[in-house]
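S.K.: Here the protein sequences line up with chains A and B, keeping their order.
Just so you know, we're using my numbering here: the first sequence kicks off at 376 and counts up by one.
Just so you know, we're using my numbering here: the second sequence kicks off at 2 and counts up by one.
Certain hints may be false.
Calculated pairs, BS3-like style, for lysine-lysine (alpha carbon to alpha carbon, straight line, at most 25 Å) [stated by the list, open to error]:
#1 B:209 / A:413
#2 A:408 / B:228
#3 B:228 / A:446
#4 B:209 / B:196
Hint data in this document are derived by calculation from the structure and do not stem from the laboratory.
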Amino acid sequence: MAAKGDIIIDIERCKGCQVCLDACPKDVLEMSKKVNAKGYQYTVKVNSDCTGCANCAIVCPDAVIKVYRVK
Amino acid sequence: MAEQSIISPENLVYKKTEVMTDRELHYCPGCGHGTAHRMLAEAIDELGIQSETIGVAPVGCSVLAYYYLNVDMQEAAHGRAPAVATGIKRVLPEKYVFTYQGDGDLAAIGTSETIHACNRGENILIVFINNGIYGMTGGQMAPTTLPGMKSSTCPMGRDVKTMGNPLKITELVAQLPGTYYVTRQSVHTPGNARKARRAMKKALEYQKENKGTCLVEVVSNCPSGWKMNPVDSNKWMEENMFPFYPLGDIKVPGKGLVNGGKDGR
Ligand SMILES: Cc1ncc(C[n+]2csc(CCOP(=O)(O)OP(=O)(O)O)c2C)c(N)n1
Ligand code: SF4
Ligand code: SF4
Ligand code: SF4
Ligand SMILES: [Mg+2]
Chain A
376 MAAKGDIIID
386 IERCKGCQVC
396 LDACPKDVLE
406 MSKKVNAKGY
416 QYTVKVNSDC
426 TGCANCAIVC
436 PDAVIKVYRV
446 K
Chain B
2 MAEQSIISPE
12 NLVYKKTEVM
22 TDRELHYCPG
32 CGHGTAHRML
42 AEAIDELGIQ
52 SETIGVAPVG
62 CSVLAYYYLN
72 VDMQEAAHGR
82 APAVATGIKR
92 VLPEKYVFTY
102 QGDGDLAAIG
112 TSETIHACNR
122 GENILIVFIN
132 NGIYGMTGGQ
142 MAPTTLPGMK
152 SSTCPMGRDV
162 KTMGNPLKIT
172 ELVAQLPGTY
182 YVTRQSVHTP
192 GNARKARRAM
202 KKALEYQKEN
212 KGTCLVEVVS
222 NCPSGWKMNP
232 VDSNKWMEEN
242 MFPFYPLGDI
252 KVPGKGLVNG
262 GKDGR
């Protein structure tokens, strides 16, 4: 099935807290191996199962995720 | 379908609300303050009252809330936010006025201001972030620290025999005739965060009715003060904070105290 949703992660603002990982029902998110300029590992997409539910974005304390969904 | 086609302006369903500034938050990774700010900002956004809202910032980690919340803000001396908000609301009664305060601010140095503002029934919203610790100053014991919970000033855990009992100030103010809506929420999961946003929205709407003080407690984490990673801190909060500070409404308009006001269920 074609993907319904997608996200944009502002990796330079991510603090690597991992709170979003648990919130994703589709296991879309993992932590990067690399670090950003602040020295934090950041969130990356590891599959294209995103439904655009926005769970990750709502719990992200730093509001670094933008969510898109095909309506 | 190519991924590219999903990311387009008409498909955008969630982004940081414009009731928050674009500034990066100074909070530690995973700290609930950021999410709590945003849920409050989204409530203000949904009601379309950004230009009519005035907030009062506390002393504590959220002392810089005025950098992030894109509404008119006033800083108060430690614990005095409800007194400052009282003055603002009385001079500008048509504005929506809130305070945003930590547990050290609200339930230690500001106990008197909190109780008297609530007892007078000041027509303001108090947002109370309870992480059971003084986060900003290095994780000292707060009135809200749980029995047995470790902090930098009770490294062996809080001993209630010598250090006193934790103060459930939310249940306490719910007993006062001046409070109208009192509820306890959290923001650590998507469902809880959405509920907290709805509670803050309701509380702001009630301000139009001029019926008294609304208090929304958010039980939150302090990964740095608790010396845990953010994910573990949220788990620890569920297992230890929620049994002592149960989530849910404590006083509801029209119904009064829920379950005798004993806890949030
Ligand atoms: C009059 C005064 N007394 C003491 C302090 C030191 N102080 C700063 S923040 C704080 C406690 C903050 O704890 P809390 O309100 O729980 O906020 P948190 O940082 O946990 O969000 C204290 C005691 C101060 N700034 N001013
Ligand atoms: S929008 Fe939902 S499905 Fe997509 S990454 Fe975020 S939590 Fe996962
Ligand atoms: S919740 Fe936000 S800051 Fe934390 S890891 Fe996820 S994207 Fe990064
Ligand atoms: S010290 Fe605690 S309350 Fe303060 S920003 Fe860090 S995690 Fe949050
Ligand atoms: Mg605190």
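S.K.: Run every hint past the structure and note whether it holds.
M.R.: Against the structure, the hints:
| no. | hint | in the structure |
| --- | --- | --- |
| 1 | B:209 / A:413 | violated, 44 Å |
| 2 | A:408 / B:228 | holds, 24 Å |
| 3 | B:228 / A:446 | violated, 43 Å |
| 4 | B:209 / B:196 | holds, 21 Å |
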